Amino acid sequence: MIEELKKLNLPKVFQDIWSSSVPSILCSRFDSPARMAEMLEQHPDGFSESGQLVPLWEINGHTLIGYLKSDRQFIEWFYEDGPEEYKVISDTYKGVQGYIFRSFLYSKKNDELKELAKIFELNDIESLIRFKNTNENWEDDIIKYMECSA
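Numbering of the sequence shown is given in my numbering, commencing with residue 64 and proceeding in unit increments.
It should be emphasised that the hints constitute simulated quantities derived from the structure, not laboratory data.
Computed from a prediction, not measured in an experiment: that's the story for all the values here.
The C-beta atom is built at its ideal place from N, Cα and C for all residues, glycine as well.
Warning: the hint list may mix true and false statements.
Stated by the list, open to error - Derived Cβ-Cβ restraints for the label pairs, each shown as a range: (1) GLU175 x ASN198: 30 to 40 Å; (2) GLU189 x ALA97: 32 to 42 Å; (3) GLU175 x GLU104: 30 to 40 Å; (4) ASN200 x ALA97: 19 to 29 Å; (5) ASP108 x ASP203: 33 to 43 Å; (6) GLU147 x GLU189: 18 to 28 Å.
Work out the full structure, taking the sequences as your base and the hints as a guide.
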């Protein structure tokens, strides 16, 4: 699966997540998806497109964030929703950065946000902080904002 991750040209942190060697600042929000990937190999009917899914990380043992190669989309899949139901996060990694940083903007201080920006290769954390501070609907708009920023 590491080779699949490399093909996606994502930051190295996603390989680190797979090997459960994430920086401490990420805490338990980015669990290795290896266990679920193994279960899907054994039971491909567990997710409707398991053969096309590149798992990126797991959240609290009940949600998987991944990339669907066939649709070229990043998705969020809640296990209890069944094999057919998933939510599209974005078509781009920039949109995924918005998804990731939506929670970080609540819980992290500016110096921590800068460290996280390096880890996830977010080049302009300052403009994202400004966006949050000047847009009352920033939570709803952050993914679109990131997708449109160059």
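We went through each hint and held it up to the structure:
| no. | hint | result |
| --- | --- | --- |
| 1 | GLU175 x ASN198: 30 to 40 Å | violated, 21 Å |
| 2 | GLU189 x ALA97: 32 to 42 Å | holds, 35 Å |
| 3 | GLU175 x GLU104: 30 to 40 Å | holds, 36 Å |
| 4 | ASN200 x ALA97: 19 to 29 Å | violated, 36 Å |
| 5 | ASP108 x ASP203: 33 to 43 Å | holds, 34 Å |
| 6 | GLU147 x GLU189: 18 to 28 Å | violated, 41 Å |
The structure shown violates the earlier hints numbered 1, 4 and 6.
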